[in-house]
Amino acid sequence: YGMRYTAKVLKSSLREKFPDASEDELFKVVGNLLYYRYMNPAIVAPDGFDIIDVAAGGGLHTDHRRNLGSIAKLLQHAASSKSIEGETGQLRTINDYL
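Under UniProt numbering, the sequence shown is numbered contiguously, ending at residue 98.
To be clear, the hints were calculated from the coordinates, so they are not data collected in a lab. Check the hints yourself; a few may be wrong.
[Claimed, not checked] Straight-line C-alpha distance at most 27 Å; calculated DSSO-like pairs for lysine-lysine: (1) Lys28 with Lys17; (2) Lys73 with Lys28; (3) Lys28 with Lys11; (4) Lys28 with Lys8; (5) Lys11 with Lys73.
[To be verified] Computed spacing ranges between beta-carbons, pair by pair: (6) Pro41 with Tyr1: 18 to 24 Å; (7) Asp20 with Ala45: 34 to 40 Å; (8) Lys17 with Met39: 20 to 26 Å; (9) Glu25 with His61: 38 to 44 Å; (10) Met3 with Asn67: 22 to 28 Å; (11) Thr62 with Val9: 35 to 41 Å.
Note that the structure is a prediction, hence the values are computed from the model and not measured. The C-beta atom is built at its ideal place from N, Cα and C for all residues, glycine as well.
All chains, please: the whole structure from these sequences, using the hints.
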C-alpha cells in the first residue's frame, strides 16, 4: 500500500507541476523514481534491508552479490528498452529478449 500511495501522490504532484506532460512521461518518471529509490537498492543489497537473514558474521558471497547486480542491471535495461553493451559479455546474450 505504501508504494502505491507514493506513486499516486508523486503522479498528482507531477501533473500539477507539468500540466502539459503526457501520461507516458509521468508514468516513466514515477516508475524510475520507485525503481531506483526503493526496488534497486533492495535487489543489490538485500542484507542491508533485512530481506535475507544474515547469520552472525556471515554475509552475501561475492558471487551472489555479482549476480544480484547483474539482475538489477538487466531490469534497468529492460525497463528503459535499452540493449546491454560494454564489459558485461554474459548479459549481452539477453539483448535479443530485451
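Quick rundown of the hints versus the structure:
| no. | hint | verdict |
| --- | --- | --- |
| 1 | Lys28 with Lys17 | holds (15 Å) |
| 2 | Lys73 with Lys28 | holds (17 Å) |
| 3 | Lys28 with Lys11 | holds (10 Å) |
| 4 | Lys28 with Lys8 | holds (13 Å) |
| 5 | Lys11 with Lys73 | holds (25 Å) |
| 6 | Pro41 with Tyr1: 18 to 24 Å | holds (20 Å) |
| 7 | Asp20 with Ala45: 34 to 40 Å | holds (38 Å) |
| 8 | Lys17 with Met39: 20 to 26 Å | holds (24 Å) |
| 9 | Glu25 with His61: 38 to 44 Å | holds (40 Å) |
| 10 | Met3 with Asn67: 22 to 28 Å | holds (25 Å) |
| 11 | Thr62 with Val9: 35 to 41 Å | holds (39 Å) |
Of the numbered hints given earlier, the model fails none.
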